[in-house]
Amino acid sequence: MERSFTDGVVTHPVTRRRFLHAAGAVGALAGLQRLAPAYALPASDRGAGRAALAGVSGRDTRVDLIIDRTPFGFGGRRSVATTINGSVPGPLLRFREGERATIHVTNRLREDTSIHWHGLLVPNAMDGVPGVNFPGIHPGQTFVYDFPLRQYGTYWYHSHSGFQEQLGHYGPLIIDPSEPEPFQYDREYVVMLSDWSFEDPGKILDNLKKQSAYYNFQRRTVGDFFRDVDRNGLRATIADRWEWGKMRMTPTDISDVTGSTYTYLLNGLPPAANWTGLFRAGERVRLRFINAGAGSYFDVRIPGLEMTLVQASGQHVQPVAFDEFRIEIAQTFDVIVKPTEDRAYTIFAESMDRSGYARGTLAPRAGMSAEIPRRRPRPTLNMVDMGMAMGMGGHEGMSMPGMDMSGTGTASKPGADASMPGMDMPAAATKPAAAAASGHAGHDMSSMPGVTASGGAGVFEGQLRDGTIIRASNLRAPGTIPEPVMHGNNTHGSASAGTAMETRSRLSEPGAGLGEDGWRVLVWTDVKRLTPAETFEPPVREIELHLTGNMERYMWSINGIKFSDARDPIPLKHGERIRLTIVNDTMMAHPMHLHGVFMELENGHGPECPYVHTINVKPAERVSLLATPVDPGPWAFHCHVLFHMDVGMFRVFHVSEPGGPMTTEGEARS
Amino acid sequence: MSVVTHRARVMCSSLVIAALLLVQPARVHAQAGGAAHGMDLDRVIRTFILAEQLEVHANQPERPIDVELVSWIGGDYRRLYLRVQGEQSTLMSGGGEMQGDALYGRLITPFWSFVAGGRVDTRPRTVIAPVDFGDPSTGRREPGGRLTRGMLAIGFIGLAPGWFEVEPTLLVSDKGDVSLEVESSFDLLFTQRLIVQPWIEVNAAVQAVPEIGVGSGLNDVEIGARMRYEIRRKFAPYVGVSMLRRTGATAAMAHGLGERRSVGTITAGLRIWR
Chain A
70 MERSFTDGVV THPVTRRRFL HAAGAVGALA GLQRLAPAYA LPASDRGAGR AALAGVSGRD
130 TRVDLIIDRT PFGFGGRRSV ATTINGSVPG PLLRFREGER ATIHVTNRLR EDTSIHWHGL
190 LVPNAMDGVP GVNFPGIHPG QTFVYDFPLR QYGTYWYHSH SGFQEQLGHY GPLIIDPSEP
250 EPFQYDREYV VMLSDWSFED PGKILDNLKK QSAYYNFQRR TVGDFFRDVD RNGLRATIAD
310 RWEWGKMRMT PTDISDVTGS TYTYLLNGLP PAANWTGLFR AGERVRLRFI NAGAGSYFDV
370 RIPGLEMTLV QASGQHVQPV AFDEFRIEIA QTFDVIVKPT EDRAYTIFAE SMDRSGYARG
430 TLAPRAGMSA EIPRRRPRPT LNMVDMGMAM GMGGHEGMSM PGMDMSGTGT ASKPGADASM
490 PGMDMPAAAT KPAAAAASGH AGHDMSSMPG VTASGGAGVF EGQLRDGTII RASNLRAPGT
550 IPEPVMHGNN THGSASAGTA METRSRLSEP GAGLGEDGWR VLVWTDVKRL TPAETFEPPV
610 REIELHLTGN MERYMWSING IKFSDARDPI PLKHGERIRL TIVNDTMMAH PMHLHGVFME
670 LENGHGPECP YVHTINVKPA ERVSLLATPV DPGPWAFHCH VLFHMDVGMF RVFHVSEPGG
730 PMTTEGEARS
Chain B
33 MSVVTHRARV MCSSLVIAAL LLVQPARVHA QAGGAAHGMD LDRVIRTFIL AEQLEVHANQ
93 PERPIDVELV SWIGGDYRRL YLRVQGEQST LMSGGGEMQG DALYGRLITP FWSFVAGGRV
153 DTRPRTVIAP VDFGDPSTGR REPGGRLTRG MLAIGFIGLA PGWFEVEPTL LVSDKGDVSL
213 EVESSFDLLF TQRLIVQPWI EVNAAVQAVP EIGVGSGLND VEIGARMRYE IRRKFAPYVG
273 VSMLRRTGAT AAMAHGLGER RSVGTITAGL RIWR
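Residue numbers (my numbering), protein chains in the order written: chain A, 70 to 739; chain B, 33 to 306.
It is worth saying that the hints were derived from the structure and are not from the lab.
Using N, Cα and C, we set each Cβ at its ideal position, and we do this for glycine too.
Treat each hint with caution, since some may be false.
[Stated by the list, open to error] Quick list of simulated restraints, FRET-style, between CB atoms:
(1) B/223 - A/586: 21 to 29 Å
(2) B/261 - A/549: 48 to 56 Å
(3) B/150 - A/541: 50 to 58 Å
Take these sequences, add in the hints, and give me the full structure.
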C-alpha cells in the first residue's frame, strides 16, 4: 500500500524528517520549482497518464497534512509560502465515493490555520471555517477531519484563515465515483490555476484600501480619449467619459489585483516553467481544471483542441463542446480533449483582465512547447454591466450615448439608440410573479424590528436586520431564469456606490472580453445535469441578497452591510426547498460560494439544472439557485475573491436541526 | 541664526518627514493573520499618510519649501483626518506659515465624508498703519511678529462627479472671523504612470483680517498643475507650475507689503504615501 511521497499522495503518517527528505528530493528533480507537488513535476519525472494521479483508497486510509512555512520562489525571486506538506499547491488527495476520509492536519505555523474542503458535503463541524464551524487549528495542534465521502468529482481544499490561501495553502482533491463514469478517457491531469504575489497579502489589501486602483495599470488615458474621439466622435466620447465620471467608476475595473503583482501559476509553476502533460496522439485526455486563485478569473483555451465539458463543480453534466471557457474563482471544470496530432499544444489561461497568464503544455514528449498566443486587449465594462437598464424609455439612465448593447462589451458604440425598444421590461413587470419579485422590498419593511414571522410554522417572511429579503414563495417555475428586475429605492447606503438600476440574468453571456473572437465560449446556459432530477420541487421560500461595494474605499458587503456588522445568521429550515437569489449591484464579478449544500443553478433547464457549489455573479446580474439544505448548523456564504471576503462580503446561513425551530436573529452568534 | 544653520534645520525636518513616510507601518495583518476569513479583517484600523506636496519653489527669491500632508486614521466609515500645510523659507529664519487641521470625518454618502474639527493657523503678523485698502499708496505696512489663531472647521472631503476630489472647508476663528476655502484636483493620465494633476484653491473671507493681510470677499485663487511620474504608486517625483492671483482688498494689502498681485511659481517635489 505504500507509495512514495513524490506520487503526490500521502498514504501514511509522515514524520517531519521523512517529509523534509521527500521535499528535498522533489526540489532536486524539479529544478526551477522546488516546491512543485508530484503532479507538477516535469513530465519525464512523472509516471505517465493515470499513474501520475493515482490515488489511495481503502476504509482505513489516513492522511497527514502538515501546514508550515516553506521558502518558495521562482525567476530568481524568493519568498515564503504557507505550505501543505511542503508544496505549492498541496498534495493531491484522492478518495473513493462511499469511503470515509480521516485527515490529520497539524499546524506548524505561529498563527491559527484551517482547511475547508471546497464543495464537499461534510458534517458541519468538519467544514473548517474558523469562527463558524470550529475555533480553528491553533499553533502546534493537530485537528482530525473525519467525514464520509458522499459524492464524486473534482474538488479542492484551502485554508479559511487569514491570507493563507493567497500564500499557497490550497490543493486538489479528487473523489472517484463508486459507479462507472459515463465517459471514457486514457489519461488525466489536474490543472490547478492560481495566483502568487511576492508582496505580502496584508500589504496588498492595505494598498487597495488606500487606493483601490493601486494594481490597475490599464486605466483609460488621454491617448484613449483621442482614439475614442477618432472612432466615436467628440460628443459621444465626452458623454461616455461623463457617464463613467458621474458614477466615479472606470470601465477598466475588471480585476482589483492584477498581473502587476500577481504571477499566474499552473500547478504551482510560473509560465516560464511550462508544466507539461504527456499524451500519445489519439488518446483522450481528461483535464481537471481547478481555479484556486485568490483573486483571478482565467479564460482558458488550448489552441487547436476542442474541449468537451463532462463535469462542472464535480458533478456529471451532458457533454458540451467549446473552444474557450472562463473559470470562475473556486470553480472546477473537467474537460476531455483528444489531441490527434503528434505535436505540442499550449494550455493558455489568460487572466480575465489580460494582465497576465498561466501556461502549460500538452505534448507527446517532454521538453516540447507550442506557440503562446498573443494576449488580447483588456476588456472594458459597459453600461449594461453597470445595471443601466435597457428598455426603460425616458429614464435618466437611458440618455447615454455609447451604450454597448452586446453585453459582452469592448468598445462603446457611438450613437447607439439608447431607448432600445426591443427590451420588454414593463411587460415582464406586470406579471404577478415578476411583480412579487420586483425590485427590492426596500424600505417597506425596514420599520419592522428584525424578522416578521408569518405562516405560524416558523416561516419567515420579510426582511432581516441585515437587509436580506425573505419571501414566502415565488410563482416562478423551478429551474427557470429570473426576469429582469428594476432595483427598488433602497440603495444600500454609503457602502454601496452605484447601485445597478436593473438586474437581469446573464447566464447566457460569456462575460466581459469574451465571445468576440470567432470561437465558441462556454456559457452557463449550455450546462445541463447528466441525469434529470427525479423530483424537482418548487421552492417554498425565496431569499434575496444584494452584493454591494464601494470601490472608492474598497468596501465589499452584502445588502450594504459588511459581515462584522451583520453577525446574525440567515435562517434556513432543515430540508426545506429554498430559492437563493443573488443580485449583483456592483460593477465587479463576484464568485459566490455557499458551504454545506449543492445548489441547482436555475439556468432555464428545469430538472436538468446543473449543480454548483460556486457561481459567478456578473456585474448587474441576477442569479437564482435552488437548494435543499439538510446538514444542520452554521454554514459560510461568501465571495471567493479573498479580499472581498476579508473586508466583509460574507454571511452565515444557519440550517435548523431536523424538526427543530429555525434560528432567529440574535441567536447563534459566535 | 545664520542662514546656513537655518537651512540645515529646514533640511533636517524635511528628512524627518520623509523618513516617517517611508518607515514600514506596523504589520496590520499580523494580529489579524490568524483570524477567520471575514471575521475581523473588515474592521482593521488603517493609517494613511500622504505627502501630497514636498516641494521646493525653485523660482522664488527665498527658495521656500512647501509641505502639504494629508493623513487619516480609521476604518471604513469613521476617520480622524489630519492635514498639515506649511511653507518655510530655506534662506532665512522667521516668517513661514503653517496650519494644521484635526477633523473627525464620517462617510455620509458613498463618495462624501462630513468633517468637523479644529485648525491651528500661525503666520507672520503685519503691523499696519491706517490704510485705505483700495488705495495702497496711503500707507506702508511692515511685518511684526506672528499671529496664531485657533479655528473651528467644518466641511466635506469627497469625490464629485467626474472624479474631482473636492474639499470645501468653512472656518470660524477664535475672533469670530468666518472664511471659506475650497480645494479641488483631478488626475489626468497620460500613461499609466505619468499623471498630470491640475488643481485649484479658492479662499474667501466674510470679515477682513488685516493682521494677516486678508480682506473681505474673495481673497485669492490659485491654480496649478503637477506632473508626477509614479515610479511606484507610493513614490512619485513631480514638477509643477502654479499661478496665484490675489484679488480685491487682499491684493491691495499684499501690494502694501511689497508683494505682487499675481505670483507664478515653478516647483519640484515628491509625492509620497504609505
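| field | Hints not upheld, ascending by number | value | Nothing - there is no hint that the structure violates, so all of them hold.
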